[in-house]
Amino acid sequence: MTETEFLLWVRGPAFQIATAIFVVGIIVRILEILILGRKPNLAEARGSAVAGGFRTIITRTWPDSGTFKRSGFTLIAGYVFHTGLFVTILLFAPHILVIDEVLGIGWPALPTPVVDATAVITIIALVVVLLHRIKDPVLRFLSRFQDYFVWFLTILPVITGYVAFHRIGLPPPTLIAIHILSVELLMIAFPFTKLAHAFTLFISRWYNGAIAGYRGVNS
Amino acid sequence: MKNDQTLGEILRQQGISRRGFLKFCVATASLLALPPGMVPAIAAALEKARRPSVIWLSFQECTGCTESLTRSDAASIEDLIFNTISLDYHHTLQAASGTGAEDARESAMKENWGKYVLVVDGSIPTGNPGYSTIAGISNVEMLMEAAAGAAAIVAVGSCASFGGIPHASPNPTGAVSVTDLISDKPIVNVPGCPPIPVVIAGVLTHFLTFGIPELDELHRPLAFYGKSIHDRCYRRPFYDKGLFAESFDDEGAKKGWCLYKLGCKGPTTYNACATTKWNQGTSFPIQSGHPCLGCSQPDFWDAGGFYHALSIPTEDTARTVLYGAATGVAAGLALGGLNRARKAHAARKHEKVTINDLEKGG
Ligand code: SF4
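Chains as they are written, first to last, in the working numbering: chain A, 1 to 219; chain B, 1 to 362.
Just so you know, the hints here were simulated from the structure itself, not pulled from any lab data.
All of these numbers come straight from a predicted model, not from anything done at the bench.
Accuracy of the hints is not assured; some may be wrong.
For lysine-lysine, the following DSSO-like pairs were computed, each having C-alpha atoms within a straight-line distance of at most 30 Å [to be verified]:
1. K349/B - K39/A
2. K39/A - K343/B
3. K277/B - K23/B
4. K39/A - K352/B
5. K227/B - K23/B
6. K227/B - K194/A
Just chain B, same shape as in the assembly (with noise of 0.2 Å):
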């Protein structure tokens, strides 16, 4: 497949038939919270569009975010966007090794300068730079390298997006986002531990059709991560009545009421859960009766513990209250004390006025 195609002439050579394009374009559009009336625009932007070159880097990760992806339903619309684009370099999933994909990836750069998408999971260390290496480059090293050349970048991942589990303290390697080291290209954080595969998908029909999309301060695409996992959820209305399942296995969990208690995340997370779901639409954790872990948010690790609600004290304040009140009790009565003494000695100064001071005084 030569890289100079149209979009629409690949899926031509491919024997997907215009009806197939079009459902596919529908359900795009569905996906990118767009109108209905969008989808003759997807269509003629996805026809024109030329099979992008993307290179993928893995940094430091779990091999999650490619899991999620790949383990995703085969004839989904990401299943048609990995066929659409041409993926020159993956270490994971690549055939080539060694040397040699290391040579596909530097001719992929070469060829497509300035105009591939540069997709990366995994954070990046910045202490010493033998934390983690591909052919003996460094990670900092090939990500300036291939970033330098990239017309947009995709952090994948809350590692690329935010740091990640890496990034948690006490942080050994230094590791850092895409985002702390770069600023000078457009990037697009699509987090999640791991990110749902439509929503990758979706942002990089995106990218195909629209550019980049419209973005929060994060740097999340508005479409997937526009609102919190709470507002969609379909505990909400439990969370209202002030129903709350008080342990995992209780009257309140097999009624399936709100999971704030034990600890749920998803006031303050944003992500696309709630709707999209995982696994072909199946569920999502808070449906399968675990509260969401806010693992679209920055620094999701180190907020205090999973199942921990989020208002709650993170240290020992029965210590606190315990301590301070014996303090008080000890401070109270020296103050108090002294406050008598004082007035004591007021009492024994105090000098009786008399008629004659008064008249003397007049």
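Next comes chain A alone, as it looks inside the complex (with noise of 0.2 Å):
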């Protein structure tokens, strides 16, 4: 295989598999949750849950104060890289292009070099991320396979990202084809594996807000 026909396999039908096995199971997996439901609530309802499920949704993006004192490095460090994976997976113009060629819709992209040093320091954060579940007792703990492996699945687009924007190494085309493989491979593992609470978050959410909500107190 040229590293042309690698490139076109890349961007063709493994892109075309990544996307099905990625749309076809976060939709399984959150019909699932929602159809499995809860149990009808028989007490007399004190608040509206909805309003309660929309109020959490948004309030538990802020951390409160007690919750910043007793794990701010967690909070801080996990803010910094997702904000870092926001950025630049959403503003760096190619990344742009093919959201915009698959689903139509297009935005303006932020300079290279700010995307760029935005990506420095998310492989900064993961890494310190890594290093704190391994040093931390408790973290190390609780963590099992899955959560060294989609931390790996994480960390490998954004690294493969760098090193195809600088062409470090192998020849450019074989760069991207690397770095959209990385993807791919994120985009399969993304709704089988603790990634796909990017999705479930905010039905979690709902559900803690509504149950609160219909209670009439607040979360």
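Please assemble the complex out of the two chains, which come individually in their own frames, going by the hints.
Here it is in structure tokens:
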């Protein structure tokens, strides 16, 4: 396989397969959760479940001061790499082109040096998060293979993307192909691992908020 | 002109002054990206170089490479170079034809066996030998025969270097490049569709002065193919700022913004267009408003469309998303139903434990 054939395969059939698995997987996971539902609450409602649900979806985005004091480090590192991923994935011009091609929507890009710097910060934050996971006895005890595996799948596209952008080591078409392939691996694993939290977190926040709202308490 | 004369002698015979000769050496040094300190070395090497015999074979090609070279400025380096080599066979340029031409090739090969430079343009069909022949000799046969006695081979153009358009999918003639067939000779690839004339001349000059130039993994001389178009592109600041032309006649195009979204392959293409430019340094495709096609890269015809950005998928992903979503909903509903049934079944089978049961157990 030549470098061009490799790139074409990655942009062609492989991307279709990854997209299909990703879309089918995510929808199945979400529907499974929704259809399973919850037991009807027979107690009299003291407040609105719907309002509580929506409120919690939003309020849980910011940490309360107690959590911040207890695990400020995890919070900051977490925010940094999540924001970093958001910027590098969604505000880099070539990525926006892909989204535009697939979904027909686009938006302005950030200057590439900004995205470049963000990628470096993201990589550092992810490494720091991993070190913390290994060093902290409780976290280490709670960690299973999947936690390390999804960490690897997450950092891989950022690193391959950085290397492809700076064209280090291999012919550029091969570097781009490796980068796209690493994203495809992430897409395939996404629905079936903890990575699915990107979608399911809204459901769990909703349930938490709705239960509390129904009881008339703030969550 | 006899082949045993040195270049210095030939140039003097042609009335080229020492000053003119040194100017040529300076130009060569800058062309080859060598420091000015190398000029005396180039001069000394060229002085002593023998006028090499060059045999130029054209296979499945469009003559664009020869056009590129011969249509360039008459007073240029390439002209000088072509006065100083002995182009013993080039079936497009030579006056002789038919048997006379083939005789010239054979006698040049015999006289200079082991010493001549073989230049090839065009790809070589490996399917039916009748796909491309010269004087009844198949391309493969002629190449192998001529390569056996060559000191070095220069593959000019993307067809000879990588297969080019004849090699494009579905490659009906089974076209291959020179490097696909020959591995026991030094081969320099000078790809491009066509290659830049001064680059062809520069490679030959380097060969005369310092031998085979330093090559990259695709056998391309690093002096010309060491940097990507994107790295040397004057529109690069716009790329970095995220300012792109969206179509060929929008505001961005008029303001000279980056052509990435219009399919520019500059980021993955290695060539000297952005620095040497074309037509005596006048311009190059990106400067004239057209994205780089990536013509000096292998398989550039098949790289997913000239006007599609490099990063985007080549198939209809929107359709895949739609079908995927439909399948997902169907599968999700089915699995959800199954899960509910299991839950109901488990609830039915659930037996309540009473205090008595616990006491019995204790
Ligand atoms: S026009 Fe092409 S080569 Fe120039 S900066 Fe844009 S993408 Fe790079």
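Now for the hints, and whether the structure bears them out:
1. Straight-line distance between C-alpha atoms of K349/B and K39/A comes to about 17 Å, which keeps the hinted pair within the 30 Å bound.
2. At most 30 Å may separate the alpha-carbon atoms for a hinted pair to count; K39/A and K343/B meet this at roughly 11 Å.
3. Distance check on the hinted pair: K277/B and K23/B sit about 20 Å apart at the alpha-carbon level, within 30 Å; holds.
4. With a C-alpha separation of about 18 Å, the suggested pair K39/A and K352/B falls inside the 30 Å cut-off, and the hint holds.
5. Distance check on the hinted pair: K227/B and K23/B sit about 26 Å apart at the alpha-carbon level, within 30 Å; holds.
6. Distance hint between K227/B and K194/A is unfulfilled; the C-alpha atoms sit about 42 Å from each other, more than 30 Å.
This entry does not satisfy hint 6, going by the numbered hints stated previously; all others are met.
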